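Colleague: Sequence:
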Amino acid sequence: MATRTEKCNEVLRGIRRAAPAVIGATIVNRDGFIVSSVLPNEVDEELIGGMAASMLGVGERISVDLMGSEMEQTYVRTQRGTIVLHAIADEAAVVLLVSGEAKLGMVFLELRRAAAELRKYL
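Mapping the sequence shown onto this note's numbering, position 61 (from 1) lands on 1042, and the numbers just tick up by one.
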């Protein structure tokens, strides 16, 4: 029987298969610990975990304080690509590293599908 981490990793690999512009995918908890990941070797998991936790905290604060609602998704767009953070549970979020040539609509569509599946495991 597959473990929770193995199931989550398979869902993350599915995102990358469905949206090849996704360079890496990870699930982080609110404290910045990696729950599951399919990241390239050159990406520092601890760094992405810590930064994602900060981004999650700020995104949640802005959402509640300015919009009176929970954060669903936030992203940072750069010249080389996009970092997407999508909340999937009270204590966790999916982080995607997406190349610059990506069609973000397709990435977001696949992310919503995957998030629904990941919620079953978290």
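These are computed hints drawn from the structure, not numbers from a lab.
Among the hints, a few may not be true.
Stated by the list, open to error - Straight-line alpha carbon distances no greater than 25 angstroms define the calculated DMTMM-like cross-link-like pairs of lysine to aspartate or glutamate that follow:
#	residue 1	residue 2
1	K1101	E1051
2	K1101	D1012
3	K1101	E1091
4	K1101	E1023
5	K1101	E1026
6	K988	E1053
7	K1101	E987
8	K1084	D1012
9	K1084	D1046
10	K988	D1046
11	K988	E1082
12	K1101	D1046
13	K988	D1012
14	K1101	E1082
15	K1101	E1053
16	K988	D1071
17	K1101	E1072
18	K1101	E1041
A quick note: this is a predicted structure, and the numbers were derived from the prediction, not measured.
Colleague: Hey, K1084 versus D1012, does the alpha-carbon distance stay inside 25 angstroms?
Modeller: With Cα atoms ~30 angstroms apart, K1084 and D1012 exceed 25 angstroms; violated.
Colleague: Checking one constraint from the list: CA of K1101 to CA of E1041, max 25 angstroms. Satisfied?
Modeller: holds (22 angstroms)
Colleague: For K1101 and E1091, compute the direct alpha-carbon distance and say whether it is at most 25 angstroms.
Modeller: holds (16 angstroms)
Colleague: Taking 25 angstroms as the top limit, are the C-alpha atoms of K1101 and D1012 close enough?
Modeller: Cα-Cα ~21 angstroms, so holds.
Colleague: Is it true that the CA of K988 sits at most 25 angstroms from the CA of E1082?
Modeller: violated (29 angstroms)
Colleague: Hey, K988 versus D1071, does the alpha-carbon distance stay inside 25 angstroms?
Modeller: holds (19 angstroms)
Colleague: Quickly compare the C-alpha distance for K1101 and E1026 to 25 angstroms and report which way the hint goes.
Modeller: It holds: about 24 angstroms lies between the C-alpha atoms, which stays within 25 angstroms.
Colleague: Check whether the Cα positions of K988 and D1012 lie no farther apart than 25 angstroms.
Modeller: Distance of about 21 angstroms is within 25 angstroms: holds.
Colleague: Checking one constraint from the list: CA of K988 to CA of D1046, max 25 angstroms. Satisfied?
Modeller: violated (35 angstroms)
Colleague: Would the pair K1101 and E1023 pass a check requiring their Cα atoms to be no farther apart than 25 angstroms?
Modeller: violated (30 angstroms)
Colleague: Measure nothing beyond the straight line between the CA atoms of K1101 and E987; if it is 25 angstroms or shorter, mark the hint as holding.
Modeller: Holds - the C-alpha atoms of E987 and K1101 are around 13 angstroms apart, at most 25 angstroms.
Colleague: Would the hint linking K1101 and D1046 be met if the CA-CA limit is 25 angstroms?
Modeller: Violated: K1101 and D1046 sit about 29 angstroms apart, past 25 angstroms.
Hint check: violations occur at hints 4, 8, 9, 10, 11, 12 and 14; the rest are consistent with the structure.
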